[in-house]
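Peer 1: Guided by the hints, dock chain B onto chain A, whose structure is given.
The residues making up each chain are set out below.
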Amino acid sequence: MSQTEDLVKRLPTEMGGLDAGPIQRTEHEYAPWEKRCHALANILDIHKIISTEEKRRGVESLGAEMVGKLTYYERWIVAFANILFQKAILTPEELAKKMDEVAARHPAVQHNE
Amino acid sequence: MNTHDDDHGHAAATAQDDPPPGYYEIMETAVRELLVEKEVIGGGEIRQMLEVMDTRTPALGSKIVARAWVDPEFRARLLANGRATLEELGIDFFEDTQLIVLENTDKVHNVIVCTLCSCYPREILGLPPDWYKLKPYRARAVKEPRAVLAEFGTVIPDGVEIRVSDSTAIVRYLVLPQRPEGTENFSEEELASLVTRDAMIGVVRANTPEKKEKSR
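From first to last, the protein sequence lines stand for chains A and B. Counting from 1, one number per residue, gives the positions in the first sequence under the working numbering. Counting from 1001, one number per residue, gives the positions in the second sequence under the working numbering.
These are computed hints drawn from the structure, not numbers from a lab. Glycine included, C-beta positions come from ideal geometry on N, C-alpha and C. You may find that some hints are simply not true.
Now the stretches of chain A that chain B is said to cover, found in silico as 3 or more residues with beta-carbon under 8 Å [what the hints assert, rightly or not]:
| # | segment |
| --- | --- |
| 1 | 9 to 19 |
| 2 | 36 to 46 |
| 3 | 73 to 85 |
Partial list, computed: chain A residues near chain B (C-beta under 7 Å) [stated by the list, open to error]:
| # | residue |
| --- | --- |
| 4 | GLU27 |
| 5 | HIS28 |
| 6 | ARG56 |
| 7 | LEU95 |
| 8 | LYS98 |
| 9 | VAL102 |
| 10 | HIS106 |
So that you can see chain A by itself, here it is in the shape it has in the complex (with noise of 0.2 Å):
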């Protein structure tokens, strides 16, 4: 079977049933904007504007690379920005702007993005 194959058969957040080592019993304190990010979810839920099925579709989209790489929240913050575009609720011009205004609100903020 070719390495190709594999992706086109598994999404990349498919995990069931492939070979994996122990299970690390990491757990950590969720930071404040991981849990802002969770009650943001659960609002744009509620007013039926993201749902649950969009959200894991949104992480998919994201793609294998970025599945891989990224935290947790770090991926529903990207797909949940993408989706408001798509939806028209927010342009990424928009976004953009909006970041370097929270930015410049801390002097120390490296750019090293």
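Peer 2: Chain B in isolation, oriented as in the chain A frame:
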């Protein structure tokens, strides 16, 4: 909610010595503020939701399990329709999901997973542990549950069937563990103290009175 009015925002940030927000936190703040400005969501909604989320911890699930142990009529209703029974208790659901409560018996041990994502009975247990969201548990729970449970120190005899329920966006599960022996005279509150988060995921059993005593 983090508000940054001009008078206090910078001073407060410096005084608390908070690390500067990262790229994704800035994105979260920007998305949230834009949605409020556009009146897509209300200004106080996120803060109110955070308060509700803080009340959803495994302690809530433990109470429900203990009640099901002492009240057969409640247990029957919980098993028949998890969501409706919990809504009667005032537990709102944030998403359009069903809740199926899976009862462990002498013949069947249940365990829950979400192979595709991280679906979890958040309304009752709060946010899931990291390991529940990571690859090893999601990949292996459906393929070799007996080995996975053994890693959690839970040895299920060969004669007991292990049922693995894979959660979806619209169907979530909660495991109703077996009531431990030697708890006949326990109050509902004492029973609840034996029920851990992991027991309601199904990776361990409810604590026995002896085990709880040891862990003190």
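Peer 1: Could you check if A:GLU27 really has its C-beta closer than 7 Å to a C-beta on chain B?
Peer 2: Nearest chain B Cβ about 5 Å off; hint holds.
Peer 1: Go through the hint on A:HIS28 and say holds or violated, using the shortest Cβ distance to chain B against 7 Å.
Peer 2: Because about 6 Å separates A:HIS28 from the closest Cβ in chain B, which is inside the 7 Å limit, the hint holds.
Peer 1: Regarding the hint that A:VAL102 lies at the interface with chain B, is the smallest CB-CB distance below 7 Å?
Peer 2: 5 Å, holds
Peer 1: Can the segment 73 to 85 of chain A be counted as covered by chain B under the rule of three residues or more with Cβ-Cβ separation shorter than 8 Å?
Peer 2: Satisfied; 7 residues make the cut.
Peer 1: According to a criterion of three or more residues whose C-beta lies within less than 8 Å of a C-beta of chain B, is the segment 9 to 19 of chain A covered?
Peer 2: Held - the segment 9 to 19 of chain A has 8 residues with a Cβ nearer than 8 Å to chain B, which meets the minimum of three.
Peer 1: Report holds or violated for chain B covering the segment 36 to 46 of chain A, Cβ cut-off 8 Å, minimum 3 residues.
Peer 2: holds (count 10)
Peer 1: Identify whether the interface hint at A:HIS106 stands, where standing means a beta carbon of chain B within less than 7 Å of its own.
Peer 2: 5 Å, holds
Peer 1: Tell me if A:LEU95 is really an interface residue toward chain B, meaning its C-beta lies closer than 7 Å to one of theirs.
Peer 2: Nearest chain B Cβ about 6 Å off; hint holds.
Peer 1: May I ask you to test the interface hint for A:ARG56 with respect to chain B, counting a Cβ-Cβ separation under 7 Å as satisfied?
Peer 2: Check passed: Cβ of A:ARG56 comes within 5 Å of chain B, closer than 7 Å.
Peer 1: Against chain B, with CB atoms and a cut of 7 Å, does the hint on A:LYS98 hold up?
Peer 2: Check passed: Cβ of A:LYS98 comes within 4 Å of chain B, closer than 7 Å.
When the structure is compared with the earlier hints, no violation turns up for any of them.
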